[in-house]
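There are 2 protein chains.
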Amino acid sequence: MGNKYIYSFGNGKAEGSAGMRAFLGGKGANLAEMSNLGLPVPPGFTISADVCKYYYENNQTYPAELSEEVGKYLNRLEETMRAGFGDTKNPLLVSVRSGAAASMPGMMDTVLNLGLNQATLRALINKTGNERFAWDAYRRFISMFSNVVMGISRDKFEHEVENIKKKVRVKNDTELTTKHLQELVEKFKDIYKKNTGENLIDDPRIQLQKAIDAVFASWNNPRAIKYRQLYNIKGLPGTAVNVQAMVFGNMGSHSATGVCFTRNPSTGENALYGEFLINAQGEDVVAGIRTPESISNLQKEMPRIYNEILRYKDILEKRYKDMQDIEFTIQEGKLYMLQTRNGKRTAEAAMKIAVDMVNEGLIDKKMAVLRIDPQQLDQLLHPIFDPKAKKVVIATGLPASPGAATGKVVFNAEEAENLAAKNEKVILVRKETSPEDVAGMHAAQGILTCRGGMTSHAAVVARGMGRCCVVGASDVNVDYKSQRFSVNGKIVKRGDYISLDGSMGEVMMGRVPTIEPKLSGDFAVLMGWADEFRKLAVRTNADTPEDAVKARAFGAQGIGLCRTEHMFFGEHRIDFVRQMILLAPEVKNLKIRIDALQKELENAPKEKKPELKKELAEVKEAFKCPNMLYTKALNKLLPMQRGDFEKIFKAMENLPVTMRLLDPPLHEFLPHEEKSQKEMAKKMGMTLKSVKMAVSRLDELNPMLGHRGCRLGITYKDIYDMQVRAIIEAACNVKKKGIEVYPEIMIPLVGIPAEFRLLRDNINALAKTIMDGKGVNVKYSVGTMIELPRAALIADEIAKDAEFFSFGTNDLTQMTYGFSRDDIAGFLPDYIEKGILENDPFQSLDQTGVGQLVEIGVKKGRSTRPDIKIGICGEHGGDPDSIEFCHRVGMNYVSCSPYRVPIARLTAARANIQGTETSSTV
Amino acid sequence: MGNKYIYSFGNGKAEGSAGMRAFLGGKGANLAEMSNLGLPVPPGFTISADVCKYYYENNQTYPAELSEEVGKYLNRLEETMRAGFGDTKNPLLVSVRSGAAASMPGMMDTVLNLGLNQATLRALINKTGNERFAWDAYRRFISMFSNVVMGISRDKFEHEVENIKKKVRVKNDTELTTKHLQELVEKFKDIYKKNTGENLIDDPRIQLQKAIDAVFASWNNPRAIKYRQLYNIKGLPGTAVNVQAMVFGNMGSHSATGVCFTRNPSTGENALYGEFLINAQGEDVVAGIRTPESISNLQKEMPRIYNEILRYKDILEKRYKDMQDIEFTIQEGKLYMLQTRNGKRTAEAAMKIAVDMVNEGLIDKKMAVLRIDPQQLDQLLHPIFDPKAKKVVIATGLPASPGAATGKVVFNAEEAENLAAKNEKVILVRKETSPEDVAGMHAAQGILTCRGGMTSHAAVVARGMGRCCVVGASDVNVDYKSQRFSVNGKIVKRGDYISLDGSMGEVMMGRVPTIEPKLSGDFAVLMGWADEFRKLAVRTNADTPEDAVKARAFGAQGIGLCRTEHMFFGEHRIDFVRQMILLAPEVKNLKIRIDALQKELENAPKEKKPELKKELAEVKEAFKCPNMLYTKALNKLLPMQRGDFEKIFKAMENLPVTMRLLDPPLHEFLPHEEKSQKEMAKKMGMTLKSVKMAVSRLDELNPMLGHRGCRLGITYKDIYDMQVRAIIEAACNVKKKGIEVYPEIMIPLVGIPAEFRLLRDNINALAKTIMDGKGVNVKYSVGTMIELPRAALIADEIAKDAEFFSFGTNDLTQMTYGFSRDDIAGFLPDYIEKGILENDPFQSLDQTGVGQLVEIGVKKGRSTRPDIKIGICGEHGGDPDSIEFCHRVGMNYVSCSPYRVPIARLTAARANIQGTETSSTV
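Going down the list, the sequences are from chains V and H. The working numbering numbers the first residue of the first sequence as 1 and each following residue consecutively. The working numbering numbers the first residue of the second sequence as 1 and each following residue consecutively.
Please keep in mind that the hints were generated in silico from the structure rather than gathered at the bench. Don't take each hint at face value.
Since the list gives no way to pick one copy over another, a pair counts as held whenever it fits inside one copy or between any two copies.
[What the hints assert, rightly or not] Here are the simulated DMTMM-like pairs of lysine to aspartate or glutamate, each with C-alpha atoms no more than 20 Å apart in a straight line: (1) Lys365 / Glu269; (2) Lys636 / Asp699; (3) Lys490 / Asp830; (4) Lys692 / Glu673; (5) Lys490 / Glu611.
Keep in mind the model is a prediction, meaning the values are calculated, not measured.
The following block holds chain V by itself, in its conformation from the complex:
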């Protein structure tokens, strides 16, 4: 850009263009572009963001030549407008606006009517013959300049306006007369003097300089910095400043002001959508003092202008290839375009607009795919609260799983199940949830917890089920004993109705009505295009046949994670699961004891043998009963698991299904409250004491780092054997019916190659026996999760044996950061607030740290097995940024909860399009 700091626009031409957004800001670039397109833009000039950069790099000073340049462009503007800045006959008034490449609410906004003082005010009155208009413009200038440039609180000015309205007993500003406005101007000048110690600046050139200074200074005010941090806005040189001649929509009945979208932002319909006000200024539309008219009325009232706008709509859409959000002013019958930008829209509208524009030949399919924000799709996939309904928000937590849920408050899972069985809608409220609560969570409309983060148990399970869920609502104080919760002084009792907004994290009193959005045909069309462009396959995390069916309807290309233990909580099953778990250690210990005694007996001197024989017999006797019960439990669970797997395989005909063997620590399946322990003791014929002892034996200080994952399979071989048997038998049975199945058996939490080898050998041996027995050959594979840092670091060794990798980025994030996702709530708020973390690393993959391990894992894995299938099955598999990362590092697939499958499909397509070609968006 050399030393050119200023760019003019207006009058049918401009020095800049839309492509110079980084230097001219969004607003300046679009004003220039509209000028180039021949649209009527009030002329003006843009001071480049490079000046802002210079300003901060040079101790808040300007380039030497800037002041002269500004003068030059101001002169040119005076010539164009045939008016003079400060001229007492025909004064030029300007607006000054900030404008960076990214929209930034934290910065200085706008000063209008700059250039006014007592002398130019008089000239304005003479020129327009409208005294009230001129005084109104002046008081607006003073308050804006004072607030935005000098930092005086807006309240002080509004206070005076209120006072005078009270005094003269009117309700609206518009009812104030010229005299009242003159009085206000005096008061405003007093406020200015009181707060700055100086008189109001009269010299328009100094007014302008001060306003420019203020814009540049606002770039680095704390709010702006915070905003950039929050929205991860990086690499911008600074903000530009736009100085533009004023036009007025409040100069009589041939004047007006309006805003409109070139298409309907709510439905996507291809028709102007917006509103206007005759004889008004822009801020009046926003302030809502008078009710604006629909833009369609403009066709009747000012048909020429309306057609002009229609023409500009076509020009702008053709140029920007997108729906536009425009602002305009009509000054005494002449239309001025003040702003254009890509318009915000609902997901539904985005779909329709993108598909329509492809059909209209405005954009191609790739561009259409790039136009849809994947996060926004969420809106289309869950019911939402009626936007018109009244809401009383009593608490806010983390938006763990989207959706809109209403129901009666219950405090335990069992009651949730009971009421749901009676067709009651319930909201399950817990301090936190555990696997025992899963059935109740499934039965509930929504789940509310006061602890836990975005990947706490409640959040993960709810997301998997598609249940609405709000977690970590720390203001909610749950009292199980009295069956109520208090929140900010309010008491909510069992049976009271509440509503949860899972997308906003809001907890509301009572029953808020919901509406069901429908997936339009455009959705299917667009997703079809997305599938054309993506390389990354999309699978789903599904633990039940129902989820599998649902996910397949959403387009899942297989199951990336089926948690075999999630089926353990079904009716009647949990008792056998508990029996198996309680007896496993005892059976194992007795087996070891028997082996040891047998060996001892062999080598013992003769005189010791009788004694040892007696002991061996006793131990063998003691072994019988627990072993029988243990074996019985395994035998009961086998057909149940096999049946589930058969259904899942059928639902996923022709597609791969990754089944993870038992992963969580066993204690998660046992009851920890005395009441449930008593019940269990009764059911199993044990004493309460022995149940308690068995439960406490499995307690761990840090279960997340404890006896879980493949460590269970190594110590309790029978349990993994039972699961493998269920998988292979199910696969054989289904295949016999002519349904093609591709089971992928996944061993969790591997950190040592020998762990994998040992378990893989067990699996292969067992599978061979079963398949030989059934006379069926199932093409299955055995792979592992990469979820420990060590696994990623030695992935080359593991890949020698493992046929696939699935990155378990939940655990990988826990270990890499040393963050327990269940305990993160203790410090995460501080971390976010202090800017130490930008977001919860369990939501969006930490590409800097955890990502290094993922990259190492992929690279090393492929180094010893080039065709290894690699995917991700952590919560991150449904997060757009993380999906992009997975595409970039060359994974084969991502796996996510059913409801996020479309989001992943779209993101995968976008990542591939963006990765292979430079986007042609403006």
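With chain V's structure known, arrange chain H on it following the hints.
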């Protein structure tokens, strides 16, 4: 080696040499070497380990030419011995022995007298005129051949020997007559036939072939494989086979057999040390049937032989440059050397021998340093049980912290303290320990737990204190309620005496007497040499002034880890610590509430202000009392911590002291049992319910991954501020007295650069204020622990701000493996048994996995701060293998518990010597 498979030895020359250990095995190489040195070795030949390699690589077959080669060498041996293999006049008898480069008890051992059958037996009788000797040799041959070569149980033969002794009513084998021996030979042959289905092999050449086969087959038997796994023996081609002419020490009063060390292996004294038996075979010495005579008696009885041995001692020590363990046989007045190898010795002897040999000019100082096994030093640093005492071992656990402790059993820490205060010696027995037990652990002689691994709380703390400790003794069933424990049927009650051997992991009944070993002058000399050769500095982990003094005496060059919170458990302190912890969250929340209300008040409409003002006043009122108590607690702790730090700084004058700010989760400091909670409630004037609520609020599911480390410093700034104040004030105070101090303030558990920056800025600001106030300038630095995988991965970013790194490899191992060191006992035994892990990764650093992160961390850290000081302060800092690793990756120092400082000094020297030059040991 081309196609040469066999190497002869004996007769003053050999085809092999000591340097060919890998091919000839230790035994074969040394026999060759002794031959070359002119020592009288019974001649023979060695079949190279290359043949073993060939054997396994070619489906258990031999190279085509081998059979012919064996024949050739056998012929040569016959010529040398002037006897014939199978000759019925003058038969040659041989021994066949396995022998790999590493000693391997799992392999085949020895077959003696091979070549005997009915015909050669007769010849032997004729030749020696000693019928009983010949029959005895024959029956020994049959049982050895049957057992070692044919795999028939040894029991079966011993059973027959017992039978005959019972029958003829004698006690010892030597009392059996020729007739009895003949009878035995018949029985032995029957056993052979019954078990093999064939007659005993008579053909000496087939006997030899079978024996050779057996040696090679034994290389890969399960015991041998297991042994190699266990002792990490890798890269050997296989075992060699030694075939050697028999000599007999049992041919009359001019014959003898003996073993001796060239120096005293117990004290290191430079004099022959060993024993011999006149008219006996080697196995008689081992069997202990007759009491052997001291080697010094040989000087009187066979002076010529004795002097010959003395001469050979010098030759061998000069050649091997080390103390030798030799075996010899005297056959009718002629000395034969059967074996030489480097002798095992005690740590004390190793020291003396190394120092003596340097003084004698046999070795240089570097070699002396390489001669001492650092692990062995441990023996010198702790009292040990009297080796002569009688021991009743009732259980075995993990040898967590060396030492010999005896005392009365107590089951809680408080009682341990009380009894210790009355000068009673106690052993604290717990299921596991927690920080509440620290004072009791300190008061006890030793600690026994039934749970936990080598780096459980008990183990780490005990090692740090130098307290004897056995952990994970899983047979011990502790019953707190009845104040007793049961172990394998025995009951041990409170007050009973037990003894713990912390080096062996043994638990013994009663009071086993101990002896205090003294550090000899040689120790100091050798450690001085070690210090000359090492590059790695050695610091200590010390939390108290006492430990600091002790460690400095052991040669520590500073403190690498002072856990500032370990002082929290002192008398009177814990109450204030608890007060601080319980109130911190409340004070913080109220502060946030006050700030929020103040902001709300500012922006509120007028009509709402009175209500908000009232609320603000109420919250401020509620804030007063907890804030006062909280501040009081901090103010009480400040001088206590400062006082401790002053003492530590004084003890470490002129040396750096790394102080780690508060690290463990706060709940560790709170009482979890109702009784203690009641006491606490009383002390703090709280209700039991509110204490319980406060404690449960701090409970976490996975505290290791929870709210701890720098996360505490970020959420509770006041606590870190108090600690920093104590450190800097102490440093200033001590410096004012003219004592030079170098505090290094260490921020734990950093995973995000912003965490470090925020806390570092706080520290610097506070330090400046304090130093300015005191008018003292202390040169301190601020660094961090690298203990999260993420920290290692982004070490370049962290090093931009951090002045030093200390690898916390305990936590790094936990996170990298996903292993909780407190819970590892659930699966570690299975992992070790199944060979998945070779050892507990918390004992010896996992160089393959965790090591990669350490290397990444060092490399990346130095990439942005080349002069960054890098050390290690995990438990691994005292483990020789891990210290070598630290040297190799270029760390500046290791830090370990005081008792391991000498071990680390020695290891560091060895690592540097071995890294910079090829060792010249044989």
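Outcome of the hint check:
no., hint, verdict
1, Lys365 / Glu269, "within (19 Å within a copy, 91 Å between copies)"
2, Lys636 / Asp699, "neither (26 Å within a copy, 37 Å between copies)"
3, Lys490 / Asp830, "neither (26 Å within a copy, 54 Å between copies)"
4, Lys692 / Glu673, "both (10 Å within a copy, 17 Å between copies)"
5, Lys490 / Glu611, "between (72 Å within a copy, 17 Å between copies)"
Comparing the model with each earlier hint shows violations of hints 2, 3; every other hint is respected.
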